[in-house]
Structures are given as structure tokens and as C-alpha cells.
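Novice: Hey, can you piece these two chains together into the complex? The hints should help.
Given next are the chains, with one letter for each unit.
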Amino acid sequence: MSKKTKNKSVNVNNLDKNEKSKTTKDSSKFKIVFGVFSKIISYLFVVKALFTIYGIYLVYVSLTNVPDLPKVDVNVRWGVDNNTHDTRIRPYRVIFSDAMESEIRALFEDYRLMERKIKSFKNTAWTYGVHSDAFAQFFSHWIFKYKFRERVKFLNKYDHFLTNIQGLDIHFVHVKPKADKDVKVVPLLLLHGWPGSVREFYEAIPLLTTPRPDYDFVFEVIAPSLPGFVFSEAPTRPGLDTYEMAIIMRNLMRRLGYTQYYIQGGDFGHMIGSHIATIFPSEVLGFHTNFPANTSKLSLLTWLLGGLLWPSYFGNGIEDRMYPLKDKLEFYLEETGYSHLQSTKPDTIGIVLTDSPVALGSYILDRFMIFTNHTNKFEDEGGIDKYYDFDKLLDNIMLYWVSGSITTSLRIYKETFAGSRLNNLAQVPTSVPTWALRLKYELFQHPDYMLRWKYTNLLGSTNLDYGGHFAAFERPKDFSDDVFKAVKAFRNFK
Amino acid sequence: MSRLLLIVLPLLVLASIPLYLLVLKSPPPMPKLDLEEWWGPPELKQKQDTSIKPFEITFSETMVKELKERIKKRRPFAPPLEGVGFKYGFNSKQLDSWLKYWAEEYPFAERQKFLNQYPHFKTNIQGLNIHFMRITPKVPKGVEIVPLLLLHGWPGSVREFYEAIPHLTAVSKDRNFALEIIAPSLPGYGFSDAAVRPGLAAAEVAVIFKNLMARLGYKQYYVQGGDWGALIGSAMATFFPKEIIGFHSNMALTLSPAATFLEFVGALFPSLIVEPELANRLYPLSEKYSTLLEELGYMHIQATKPDTVGIGLTDSPAGLLAYILEKFSTWTNPDLRSKEDGGLSYRWTKDQLIDNLMLYWSTKSIVTSMRLYAESFSSRHLNLKLDEIQVQVPTWVLQAKYELAYQPPCILKLKYPKLVNASVIEDGGHFLAFELPEIFAKDVLKAIGEFRKLKNVKTEL
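One line per chain: the protein sequences are E and S, in this order. Just so you know, this note's numbering puts 46 at position 46 of the first sequence, and the rest follows in order with no gaps. Just so you know, this note's numbering puts 87 at position 87 of the second sequence, and the rest follows in order with no gaps.
This is chain S alone, in the form it adopts within the complex (with noise of 0.2 angstroms):
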């Protein structure tokens, strides 16, 4: 009897395992969020500014000034090691051209209009001044205007989604709706002011969205969101389900216990989790594991010393654009970081990729924007154990085949049960609506149409 108890007992210890984690175990409870915590400087909290103001970014004459002559007082730097590409991160041989093409060629004036393309404002929400666009499309009668927020990450900026936005605004008789864009830069990024205070962390940038939006007049909105903006989107969706009626992420991950279980189960039963042909999106799991520490030094070190890192962001162009120009390489395309050039013109323009850098630059934005990794990462954010709550919103994800990490739809439901659809593309990575605007723009239209079906349906019940 005892030998029988000898097997059955593990047996039944791991059984219970997965039953713990996908059955049994109680999520952790709603943050207490404060929607009044005040990040500003704690003399302005008496005389509160409600106003919208109207915003034009500026590339002032002497900040331009001071850019040409900093890059200009460049020193040389150590040729790349043979044949490596940019496996030991950006390849200095494109410096030159890349510096040269931004002190002499860039067209700041031009660009500067072309930034302003946009309506620009501001507006103070719990004592920082948050800068967004937004964009009102023209609706012939019985048009329906649909508000969409979207949200950028690291190291990207609402530049991202300049080319996406005349196709989400578009108006076609294939709908009943338009939408109307709100893109925020995040607090600590571009023009939004940062905290003057540790604690802004992912969760607390969504209290901040949520109050925009209300400030906006906006009782029911959709969300849509990438890398840190998918965060948000998901801390949005899982914290305001009334007011959040959809929302769409082209990051979607969860990291809760139960995720990663199936992610093992699947390590040895692939066909229990993810499909045939996407298997080696997920697996196998030691090359996953491989490429993420390879990838993510730039992260460990965010969340750990962003004030030491991010003074040199500060200080040189050319530090700040090796930096986050390694990223728009290499999370494209893994492979291009055997090309010499990154292949960085393979999805854009000088330009374009500029334009984004320009944001961190001017604002000096570079370190506050780093420092929304530590804050995340603490101890007292990670411990909300937000992946465990469960987001009762309508969901739509967006997969393109580059991006960082994918999980299969049946490990997406454990954190979104209402996922309406995962549309997987054979293309495009990391920064997709910046890369393929018009594929992004045409799938967050066709989630939006289904969410709208899907609230109607609720109505008439």
C-alpha cells in the first residue's frame, strides 16, 4: 500500500500543479489605485490647471546649433571587429554616415513642419503636463467618430504612428465609424513632463491615460497599444473595463506562473499549445531563453542604474542614436544583425528614424524615459502581480512574425479571456505600426468593427 502511495503521491503532486495554477488559484487582488497621486512638484497641487492648450514642437535655432557642433565634436571611435555585423551591438563604421546625414542633411525646419502635421496640445493631469496629438477626422452624416488611444513605447514616440494615422482616420463606406486618434507621449517621454518623484511606474501611467481621457471628454474609449503602450493598454483594460470597451495590443504577453507552465507543457506536447506552423515562434524554449538574454541587456540595465546610463544619452548625439538605433535593427529582423548596416533602411528613411530620435534629443527626455523600467520593475510594481488579473475586456492581438516573444492564443487567454482574435502576419516586427502602417491600421480597424458588434450585441440584450 505504501509503495502505491510512493508513486501516486507525486503523481498527484503534479497533478495538482497545473490544477493550482489554472484552476484553484485565486487571482491577487485589484491595485488600490490613488486617481489623485500627484507627480508634479507639490507647490502647483494648490492651483490645478484644467486648460487644453495648444501645442507646436519646436526645434529652437540654438538647439539645433548646439546638435551640429556637438556631433561635429565627435571623436573617433573603435572600428567594429571583423565580419561581426552588428552582433556586438551598432556597427561604428555607419556612424560616420549616419552623423554626417544628421548635422549636415536633415532638414530641421522641414521636419519640424512635418511633426506639426498634427494638432498638438497639452493638458496638466495630476500635476504633469501631458502632451498628445489629436486627430478629428471629417464624417459625413450617420458616421459614427470613435475615439482610439494609442500609445507608444521605448524607444519609440508618437512618431511612430505618423504614417498609420491618415489610414485609421480614413472614412470608407465599409464602415459606420471613423476613428479619432488620441497618441499621448508617456510621462517621462518627449513632451510629456516627467514625475519629480519615484513610483510612476506602468500602472500609474495608466491612472494617468484614464484621467486624460476623461479630461478629453471621453466616457468610453478604445486602447491600443505596443511594447511599453501595450503595458499600459493591458493595466487600462484590466483596472477600467467601463470605460475601456476594446483594445488591441500588437506586444501581447503574459508572464504569470500558469503562462509559463503551459509554456513548458507545450516544451514537450507543442501540439497542445501552439499550432503546427507557429511552433517555432515559441519553441524551442532554450533558443527563446538565448535570444532574450541576448537581447535584453539594455532592459537589466534600465531597471537598475537608468540615471548612470542615460547621462551619456544626454551628452552625445551619436551615443544616444547607436543606442536606439540598435533597436530599430534588431527588433525588426533578428537576422539583420548580421548586416553591417543593420539593415536599418530596409523599413525607413533617415528621415523617419531621425524624426523619433529628435524627440528624445530635444526634450533630453532619454533618462526619464529609461526610468520607467525601474520603476516597473521594482519590487512594489512587480508584486501587483497585474498578469494574474484577468482583463474582461474585448481583446484583439496583432502578431507579426518578428516580434520580441509570441504566446499562442490559448496562454493570451489565461490574462485575456475575451480575446476576440489573434491575427498572425507572415511580416514586420517589433515597431509595426511604424513599419507596416497600412497592414497595422486595416487590423485595428477590423478589431474595432468586431468590438462594435460584439457592445451592440450587449446592448440589445
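Isolated chain E, as found in the complex (with noise of 0.2 angstroms):
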């Protein structure tokens, strides 16, 4: 202000010039801070745009690089014995012993004549878990019609062995195919999953294991129980993850005088086959899936991302079983209860689970029904009805309740999803030839361009309009026909 004046006063000749001057001085100086303001704040932009897109360009190398494998040692012991190396294979046979129907009536009769059962709400269908209904019709028929004599016989149809893989007896049901001379045999592995079993297959080995018209092989089946589940030892110290598995399965074929041979699997067992397609390729000549997902990190941020931006791009053809994202995370925090208790606390569960044939019943039985399909939650039966006669179901329970493994298995959660190494496989492809199959309403479904990223030869999938997380239970006439469907495109994958 003052220096106006002063301007003023010194020369009024050429005051509107000094004004003129004086206002561009001044114009230009707030034009000239206001630039340098203006270049700053874009530098600034710009090294902010440079660490966003270095930022990005890091989190994407961190999703997409392949990690190395982690050391395989095929040798590595988990039981208690570490010396002996017993590589006998024993016949096995299950049994359902007197003692044991008589100590499980017993605990029949406690739940049956016990005064303040549980009483689910009315009108609720199975909203808060299995309703106290469905579950006694269940129970009824597993006290009343389950006929203990008959269905071991019939879980002996198939022949059963034992034999020791790094320290643990796996348990395996081995069927051989109907002979046929100009048929090849080619040799095939059954994985089952949590809270399935060997009984899953038993519907579907018969059509594996039968030769038929336009294939020219027909299978070998090997299904084996995870560790830890039904007549499968479990380890005595942590650490038997999906990997670990894996070898102890690879293992196995080994042992039976198996170096090339095709995988199956659902649930544990798509990622234990998907470990071994990954670790030990050159053994594997193909892999059929019916738990179609890759477990990878950019997976998920793909769905996920794909969800919010574009599903029927991303879903590429199944956006249905996608999508619509919020559907779908409420699905699984509904549904994911079970894992979350399993992960974390597993022997905590497992010691109700062991104790109480009426818990590990309705514990399996919740699962079946919402995996086989989650409408069923809306039933009032639950859809007990609908899928599967109660002595399959019952099979598989028994299965559990006879080995008491209930506790070792839920185990394989904890030491699956604790860990970072089912992420760090996941980022390894694997070129061994695979199959998908999709059933309708299983939990989880990837697009083939997906699942590529990590089969890079996914030489084909199968969409089925019905059918849920037992494929082979539920459909064993449409596994096995897919099975067989993959298997000639992988022998003529060249």
C-alpha cells in the first residue's frame, strides 16, 4: 500500500504507466508464485502418479511372480516310529464290532431318552443349523434301520489295504477293472475331501473300473484316506499340509508301482492333486477336477474386483456361479462358520465331535446338505429327502465315528489355511493336462481362463445345470462319464 503512494508521489507524469506497471508487477508476481505453486503441486501429482503405478506394479508382481517350489524332501517322516521302513502292503479289512454297536446303542439310548433335547424354532427350516426335526427322522433311521452287519459288508465290496508311507499307515481301497484284452488299464487316483471319505466313490468305481464303448482304456482305481481321516494314520507333530500330503500320496503310487497315472479330486483333494500335478509333473498324466477353483491371491482379487466392475466379463460364461458378488460374500460368511472353528481351534470341536455320535451325525449332516446344495437351508428337511438314502449317508459318518478320526481330520484345516504355502503353490503353474467339471452348486467356481493361469493346459471343462460339491456321491454316473471324457482328451494330448 505505502509503496503505491510512494509511487505516487514520485512521478505523476507517469503514474498510470507505474500504475499500469505496477499492477502488471504485481499480477505477474501473483502469476509467477501461483506457476510455481501450480509446477510444484504437479510434480508433486506426478511423484504421487509414479509411486501409485510403482505401488500397483508391485502388488502385481507380487500376484502373478512365480515363487520358486519349496524344497520337496519325498522323505520327510511323520509318525512316531521313524526307523522301521516297512514297505509291506497289508490287507485290511473294516469292521463294525459288537463292542463298538453295542457301546454306540448305548450312547443312542442316553440321546434318545434324554429329557431337554435340543428344540429348533418352528418355521425356520435349517436358518440356525440342522432343525431338531430333520435330525430325528435321521437319528430314527440310524437307530432303527441302519443295519450295522450289512453295510460293512457292503464297505468290503472293494478290497482294502494298508501300507506305511513315511511312518504313517495310509489306507487305501485298490479295484482293479473288470479284465478285457484290448482294453489298456491305465492307473487312476481318487482324492476325497472334509467330511467326505473313500465311501464318496463307491457308487462311481464301478463305472470307472467297467470298459465301455468308445474308450480304449478303462480304470485302475486307488482311493486312498488322507492322512489324519478314517483308517489313515495321523501325524504326531504339526505341519501335514495339502503339500505334505501330496508327497505322502505321490508316495503311495509309488509304492504300488505307479509312475505315471491320472488324479482325481474334490474339495482337499483338488488341492492335494493340483499339489501333486505341480511338484511331481512329470508323473502325472492328467488331472480332473470337480472343485474347479485356483487359490491364488490374484484370483480372488480378480473375482472380487470383477465383481465390482464387470461380472459377466469377468465371470466369462459362469457369472451365475460368480456372482452377483454380495450374494456371495454373505453366502460365505454364512457359510464358512465350520472353517473358521476348524482353522483355528480344531481339537477343541474335535473332542465334541468324538465323544457324541449325535454331534459328529449332525456335524457331518449339515454339511452334506447345505454343500450339496445351499437352497436346502430353506427346507425344512433340509433336503435329507432329496439327495442321498440315509445309509450312504450314515456310511461315511461311521466311517469317521469307527476310526475316531474325526478330531485328526478337522486338523487339516489348521495346517492348510495357517500357512502361506497353498497361496505360494497356487502361483505355480503346472503344464499337466487338466479337466474341469462344474456341478451347479458347487461352493466354488472359477472361469477356464482362470484356471488357466495356473493349468496352463486346461484342455476343456464341463458345465452341469444341476449337482453340488459330491460329484462322485450325488452323480457318480456323470463323474465317471466326465472322467472318462477327460482321460481321452488327455491321451490325446500330445
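Hint data in this document are derived by calculation from the structure and do not stem from the laboratory. Mixed in with the good hints, there may be bad ones.
[What the hints assert, rightly or not] Using C-beta positions, here's what the derived DEER-type ranges look like:
hint	chain 1	residue 1	chain 2	residue 2	range
1	S	S97	E	D320	53 to 59 angstroms
2	S	I52	E	K119	24 to 30 angstroms
3	E	V33	S	M30	49 to 55 angstroms
4	E	A136	S	E110	18 to 24 angstroms
5	E	R421	S	S26	26 to 32 angstroms
6	E	D320	S	S26	37 to 43 angstroms
7	S	E426	E	D133	21 to 27 angstroms
8	S	E36	E	S140	38 to 44 angstroms
9	S	I17	E	V33	29 to 35 angstroms
10	E	R112	S	A279	39 to 45 angstroms
11	S	P119	E	K119	29 to 35 angstroms
Since the structure is predicted, the reported quantities are computational estimates derived from the model, not experimental observations. Using N, Cα and C, we set each Cβ at its ideal position, and we do this for glycine too.
Specialist: Have a look at this one:
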């Protein structure tokens, strides 16, 4: 202000000019300051943008880089006795002893006569879990209609064996095909999951081991129990995750004389089968999965972003099974309580399920019905009358019961999900020929392009408009048809 | 100019988040509560019984015999993995000694007598027979009797308060009041009836207890709670500020968006949010969240499938014991997870812990107790957004060292603007009244002393 007056007093003639130059000076000063300021801002902006791009690049790299395979130790020991190396293959029989039967019947009576049994709310279907009325039906069948002697005979219709792999007795069913000279016999490793067992494959096995027209091969089936499940021994120390199970299963096949074979898997069987195909690609002739999911972080992120941005594009033909995102997230939140509990405190819930047949029965029944079709949650009967006869479901439950293996089976969740090896392996691709079978109500489904990030030679996929998580158990014919179809493609692939 | 906007606009948006969350966002409306909502069998609605009947806990011979036999029938349990302590859950190696004690040494008749040392009652509120203990001290002239509603949680019971009650009800020349204790069992827990239809969540339990206190003739009273008791007590203080004149909580938590926002701010600038000595109770956030993930599996399954997981807990005493005692171990001090015995003898005798188990076992109430999770985590109840409605009642919080979660006063004040004090202690865990009854009682009495001073100031004005 004072400057202006000064100028004014100095040169009256040049007032306008000075005024002009003053204002020009002032405005140009302002312009300079503004210019410098905005330059700084734009540099900051550019710097910020560069940092962001770099950040995105780092994230991209971490999601897509192929980590080194963890060191493979095919001889790591899991048993109590680490000195004996017993390579015998010993015949085994499922036994439902009289003692076992009277014990379980005594426990049945205790619950049946209990005064204050659970009474579920009316008209809530299975939204609070297994409805007490539906369970009462199931329980009643178990007590009065399930014939232990008949069922154990049924379970022994196939040959069972035990053999010691890396210190653990591994149980498996081995079924040779009906002989036919012109038909090539190829080995097929069938891998179950939780809460399933080898029982899941009983109806499919005759279909897999019988030669069929249009096919010049037939399967010889090896269906093991995962370590810690049913008659397969459990480890005594932590660390036996799906990666280690893959090594055990591969060593099992080698023990039986197979250096090359096909693998079929669902649920944890899918993860283990994927690991075998990744760690021992030269030994796996082909991998068929009915749980077609890529378990990498990149896939998870793609699924989430795809759901937000463009579901029909990212869904690539199966968007109705992957989206809407909000519905799917709510569904997973609602249905993963069991997994959350088992991945953190398996031994606590294991104690409950070991000690009580109704606990084991209802806990497993819950998962079978919801995984088969999640809309069963809104049916009063939970769908128990629709998909499987009670004997089938009880056979599976009884295998867990007589072996006392429920607790050790639950630990697979903690071992697998508590570590980071699952994701690391997911980012290592495998060129083993792969085929995906998608049943309508399977819990996780990824489109072909996403599967190809991991299974570079995904030869094809089958989408069915029905069926759920337990493909072999629920749809043995569709299951077997698709396995034949897949292995034909594998054999033709060079 | 546009370049400037590119910078300023996102900054404005960023700045507006706290502005919106902390200042501008209007709280959700007070939920419409049906004070006469009926939870019992509809036939009983015609002939409502308002009497208060004395009640005695009985461990019948039949029940005890069946329990012992069932324990004897227990199955062999899978041994724990080497070196895991309680990290995979209850260590099965401990089961034999616990079950042997329960079946062969736990003195049922003696413990029944112990549990009946306080007067028990039942009265029917909104169709449900609600069980409670009422302990009234004898006071000399000049000492005012002041009612305190004590609320337990899961997997606890009124048993948690037995050791604290003598301290709470003591008459002392240091104060001009003495506490009368009303300690109910939550609906669906212990000897209180469970609802016959869905919908009985924490908010609805708050209504039931408000009606209970009204039935017992109290116009104004204090409330103390931990676990569900804290959530229910908080709901009561939110809905009924005229009746509740002071609220004490030993598990103070608020989960509103504003609270979460402040927690994240504190992750970057801890000194803005929490005192440095207490920062490790909340930060680093990643540790807090991974601990919660590790420990909340039970909550996840109970909130979604209570009837599935509950059936075994009514059938197997071993199962019930493992499921509940795991919490008494881990929630007392997370370090106890590395101990083979879970450190269960650290704070309690076997009798104390089995007393609590008996209240679940003898009543077969474990399933109905777990349904509180399913009801309260339903979208209906969550949409009430109770955490975003402020409590206009003087509040006092007691924060034990190993409580499952911690929030500093500045965050708590979002929900409890009338927070009088936050007592921080360097000991104790989740079951504070049960663990440290004297310290607990002392703090509650101190709080009520302060509440009374505030009340007197108010009435003087």
C-alpha cells in the first residue's frame, strides 16, 4: 500500500504507466507465485502418480510372480517310529465290531431318552443349523434301520489295504477293472476331501472300472484315505498340510508301482491333486477336478474386482455361479463358520464330535446338505429326503466314528489355512493336462481363463446344470462319464 | 486451476470423511421397542403370572447319575500334536483328569448347597420365567440401599459373581450406601427360560431386564456387565436413561464406523488416540485383527449354526467341558495357549469352573445360550446400529490387561459421551469378576460412588 503512494508521489506523469507496471508487476508476481505453486503441485502429483504406479506394479508382481517351489523332501517322516521302513502292502478289512455296535447303541439310547433335547424354532428350516425335527428322522433311521452287519459287508465289497508311507499307515481301496484284452488299464488316484471319505466313490467305482464303448481304456482305481482320515494314520507333530499330503500320496502311488497315473480330486482332494501335478508333473498324466478353483491371491482379487466392475465379462460364461458379489460374500460369511472354527481350534470341536454320535452325525449332515445345494437351508427337511439315502450318508459318518478320526481330520484345516504354502503353490503353474467339472451348486467356481493361470493345459471343462459339491457321491454316472471324457482328451493330447 | 482441483478435491473428500463420521452424521433413530413383546408359548399370554417365586437350584440324583455314567462312557480322544499346548484348542491330554474329577470327586451335594447360599427367585417376564439372585445387605441407619443389576455373558453365568458379591454388598464406613445385587440368568441361559421363537437378541434382552427391574419395584438403578452383559447393559442404558442412572462395563467396546475410523487414524498417529503405555493393547492393528481371527471361530459358528454345533454339547459332558473351559483359559490370558494344561488352575479351582459348567449341563441350556449370537448378529439386529446411538447415562469402564479388545477413552466417548472414568488395570482378563473379585468389586463401588455424586449435583441444580 505504501509503495503505491510512494510511486504516486514520485512521478505524476508516469502515473498510469507506473500503475500499469505496478499492477502488471503485482499480477505477474502473483502469476509467478501461482505458477511455481502449481508446478510444485503438479510435480507432487506426478510423483504421487509414479509412486502409485510403482505400488500397483509391486502388488502385480507379488500376485503374479512364480515363487520357487518349496524344497521337496520326499522322505520326511511323520510317524512315531522313524526307524522302521515297512514297505509291505497289507490287506485290511473294515470292522464294525459287536463292542462298537453296543457302545454306539448305548450312546444312542442316552440321547434318545434325554429329557431336554434341542428343539429348533418352528418355520425356520435350517437357518439355525440342522433342524431338530429333520435330525430326529435321520437319527431314528440310524438307530432302527441302519443295519451295521449289512453295511460293513457293503463297505468291504472292495479290497482295502494299509501300507506305511513316511512313517504313517495309509489306508486305501484298490479296485482292478474287469479284465478285457483290448482295453488298456490306466491307474487313477481318487482323492476325497472333508467331511467325505473313500465312501464317496463307491457308486462311481464300478462305472470307472468297467470298459465302455468308445473308449479304449479303463481305470484301475486307487482311492486312499487322507492322512488323519478314517483308517489312515495321523501325524504326531504339526506341519502335515496339503503340500505334505501330496508327497505322501505320490509316494503311495510309487509304492504300488505306479510312476505315471491320472488324478481325480474334489475339495481338499483338488488341492492335493493340484500339488502333485505341480511338484511331480512328469508323474501325472492328467488331472481331473470337480472343485475347479484357483486358490491364488490374484484369482481372489480378480473375482472381487470383477464383481465390482464387470461381472459378465470376468465371469466369462459362469457369472451366474460367481456373482452377484454381495450375495456370494454373504453366502460365504454365513457358511464358513465351521471352517473358521476348524482352522483355529480343531481339537476343541473335535472332542465334542469324538464323544457324541449325534454330534458327529448332525455336524457332517449339515455340511453334506448345504454343500450339495445351499438352498436346502430353506427347506424344512434340509433336503435330506432328496439327494442321498440315509444309509449312504451314515456309511460315511460311521467311517469317521469307528476310526475315531474326526479330530485328526479337522486338523487339515489348521495346517493348510494357517500357513502361506497354499497360496505360494497356487502361483506355480503346471502344464499337466487338466479338466474341470463344474456342478451347479459347487461352492467355488472359476472360469477357464482363471484356471489356465495355474493349469496351463486346461483341455476343457464341463458345466452341469445340476449337482453340488460331492460330485462322485451325488452323481456317480455324470462323474464317471466326465472322468472318461477327460482322460480320453488327456491321452489324445501331445 | 484444474490441476489445483485435482489435488484439492481428493483432499477435501479425505477431510470430509472424519467430518462426516464424527460431526455431521446423524445417529440412527432409537429403535422402536415393544415392551410387551411375548417370548413364551402364546397360550400363556391370557393368564400372565406376575408373582415372584423363590427358587432353589437342585442337582437331582437322576441327573447326577446320568452325568456320571455318560462321563464313564466317554470315548478315547485323539492325543494332541507335540508341543502345541492349547494352540489347537483344548488339549485332550487334560480331559482324563478333568472328567475323572467331575465324575468322581466333584461334591455335587456340597456344591448345590454352595450355589444356594444366595436367595434365588423366578418371575415371568414377557412369557419367560426369568431366574435371578437377589442379595440385600443389612444396613445400619443412614446407609442407603442402592440396587445394582449384574449381567453375565457367555460362556459364563451368575456363578461368576459369587466371590464378588460379599465385597459388593459389604457395608463400609467409607460410603453412605450399600449395594443390593440383582443377578439374573440371561434368557436361554441357566435357569431362565429360552424364547420359543426367533428374535430375542441383545436389544430385546435389554427390554426383558428393564421389565424385570420394574417388576421388582426399582424405579432407578445401576447396571454392571461384561461380555453379553456389557452389550445388554449398554443397550439398556441407551434405551432407558431415566431408569438407569449409571452403567459400569468391564468389556467396553464400540464398533461404529467412526470408532473404526479413529482406530485407523491411531494406526498412523497413535499418540492422537491412545496413551503410549496402553498403545500395545490396541496396536499394531494387524496383530489385533489376526488375534481376533484366531479366537472368533466359535462366534462365527454360533452366530450361523447354533443348532448344529449345540447338539453335541448337550450330549457330551466332555465336549461341553472342553468347549467352555477353552475360553476360560484363552480369554484369561492369551499366553496360556502355550501351556499344556491351558493354565486353568491359574485363577480358579476345579470346583469353581465345574460349578459354571453345571449351570449349563443340568439345564441343557447350551444351545439356547448360543442362539443369542445368531439373533444378535442377524441383519435385523445389526441394522439397529446400536453402536451409533449415544448413551446419555454416566458410564464407567474397567479395562483389564488381557481383555479381548481395548479401546481408549477418546473412542469410547463416541458412544459413551458421559464417560466418567476408565480404570485401567495391569492384571486380569475377560472373566474379571470371577478372576479378581475384590478388585472388581472395589472398582464397581468406586464407580457408583462417583455416579451418586453426579446425581446429587444434578438434583441440587
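Novice: State for each hint whether it applies.
Specialist: Tested hints:
no., hint, verdict
1, S97/S to D320/E: 53 to 59 angstroms, "holds (55 angstroms)"
2, I52/S to K119/E: 24 to 30 angstroms, "holds (27 angstroms)"
3, V33/E to M30/S: 49 to 55 angstroms, "holds (54 angstroms)"
4, A136/E to E110/S: 18 to 24 angstroms, "violated (38 angstroms)"
5, R421/E to S26/S: 26 to 32 angstroms, "violated (49 angstroms)"
6, D320/E to S26/S: 37 to 43 angstroms, "holds (39 angstroms)"
7, E426/S to D133/E: 21 to 27 angstroms, "violated (52 angstroms)"
8, E36/S to S140/E: 38 to 44 angstroms, "holds (40 angstroms)"
9, I17/S to V33/E: 29 to 35 angstroms, "holds (31 angstroms)"
10, R112/E to A279/S: 39 to 45 angstroms, "violated (56 angstroms)"
11, P119/S to K119/E: 29 to 35 angstroms, "holds (31 angstroms)"
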